[in-house]
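Start from the sequences and build out the full structure, keeping to the hints where you can.
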Amino acid sequence: MKKLSFLLIFITTLIQCKKDNSTTDPSVCNIENARAVNATKVTITNGIWGTVSSMEGNCMPPTNPTYCKHCPVKRTIQVYQYTLQNQATPYGNSGVFFDSFSTALVAQTTADDDGFFQMNLPAGHYTIAIIENGKLYANGSDGFGGITAFTHTSGTQMLNLTMTYKAAF
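Every position in the sequence shown, counted from 1, becomes a number in this note's numbering once 73 is added.
Calculated from the structure, these hints are not laboratory results.
A hint or two may mislead.
[As the list claims (entries may be wrong)] Below are the DSSO-like pairs computed for lysine-lysine, each with C-alpha atoms no more than 30 Å apart in a straight line:
| hint | residue 1 | residue 2 |
| --- | --- | --- |
| 1 | K114 | K147 |
| 2 | K114 | K142 |
| 3 | K147 | K239 |
| 4 | K239 | K114 |
| 5 | K208 | K114 |
| 6 | K239 | K208 |
| 7 | K208 | K142 |
| 8 | K239 | K142 |
| 9 | K208 | K147 |
[As the list claims (entries may be wrong)] Now the in silico label distances, taken between C-beta atoms and shown as ranges:
| hint | residue 1 | residue 2 | range |
| --- | --- | --- | --- |
| 10 | G197 | Y140 | 34 to 44 Å |
| 11 | T176 | T139 | 39 to 49 Å |
| 12 | P195 | E129 | 30 to 40 Å |
| 13 | G207 | T113 | 28 to 38 Å |
| 14 | T237 | D185 | 14 to 24 Å |
| 15 | M133 | P195 | 37 to 47 Å |
| 16 | A177 | M133 | 31 to 41 Å |
Nothing here was measured: the structure is a model prediction, and the numbers come from that model.
From the three backbone atoms N, C-alpha and C, an ideal C-beta is built for every residue, glycine too.
This is how it looks when you write it as structure tokens:
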């Protein structure tokens, strides 16, 4: 009888200790929803707007939300004159973090808690970076040596920015 009681207590304990993998709150880390809401916040008439987000975890397709989190984040965004690799001071060996760019800072803004940002910009060819832990995060190249380059002509242009350095693909 003691063995049966012990077995029942053991099984009950195991059932109650089942790991809950639903720790991600969809209202906080639902990037599609955040982007849709952010699209309604645009008030500029000439410049860029978008959502800053961060991915972390195992994001290898097919992505499982319990392993890969893709959340909007509040960060400072800086736009510089078009910047080449040789005009940047790399930080470490990551290839995506920089201490500084030698080109001129054109505009700066801070995203809100939903990752939304917008800034007025004249037409031009630019480099964009996210400030992450005091460093410039820029994870793209245009194939010509330009760092996270984009061209703005006129009107409003959506430009979503995603930090992926904490994610595995």
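Hint-by-hint comparison with the structure:
Distance hint between K114 and K147 is fulfilled; the C-alpha atoms sit about 15 Å from each other, no more than 30 Å. Taking the CA atoms of K114 and K142, the gap is about 24 Å. The hint holds against a cut of 30 Å. Our distance criterion of 30 Å between C-alpha atoms is met by K147 and K239, whose separation comes to about 16 Å. Between the alpha carbons of K239 and K114 the distance comes to roughly 28 Å, so the proposed pair stays at or under 30 Å and holds.
Restraint check for K208 and K114: satisfied, since their Cα atoms lie roughly 28 Å apart, inside the 30 Å limit. In summary, the hint linking K239 to K208 is supported, as the alpha carbons are separated by about 15 Å, within the 30 Å threshold. This hinted pair checks out: K208 and K142 have alpha carbons roughly 22 Å apart, not beyond 30 Å. The hinted pair formed by K239 and K142 meets the criterion: a straight-line CA distance of about 10 Å does not exceed 30 Å.
Using a Cα cut-off of 30 Å, the hinted pair K208 and K147 holds, with the two alpha carbons roughly 15 Å apart. Taking the beta carbon of each, G197 and Y140 are about 40 Å apart, inside 34 to 44 Å as hinted. About 41 Å separates the C-beta atoms of T176 and T139, a value consistent with the hinted range of 39 to 49 Å. Evaluation of the 30 to 40 Å hint for P195 and E129 yields a pass: the beta carbon distance comes to about 35 Å.
Remark: the range hint 28 to 38 Å for G207 to T113 is upheld by a beta-carbon distance near 32 Å. Between T237 and D185 the C-beta distance comes to about 21 Å, which sits within the given range of 14 to 24 Å. Here the CB-CB span from M133 to P195 is close to 40 Å, well matched to the stated 37 to 47 Å. The hint said 31 to 41 Å for the Cβ distance between A177 and M133, and at roughly 39 Å that hint holds.
Violated hints for the displayed structure: none, as all numbered hints are satisfied.
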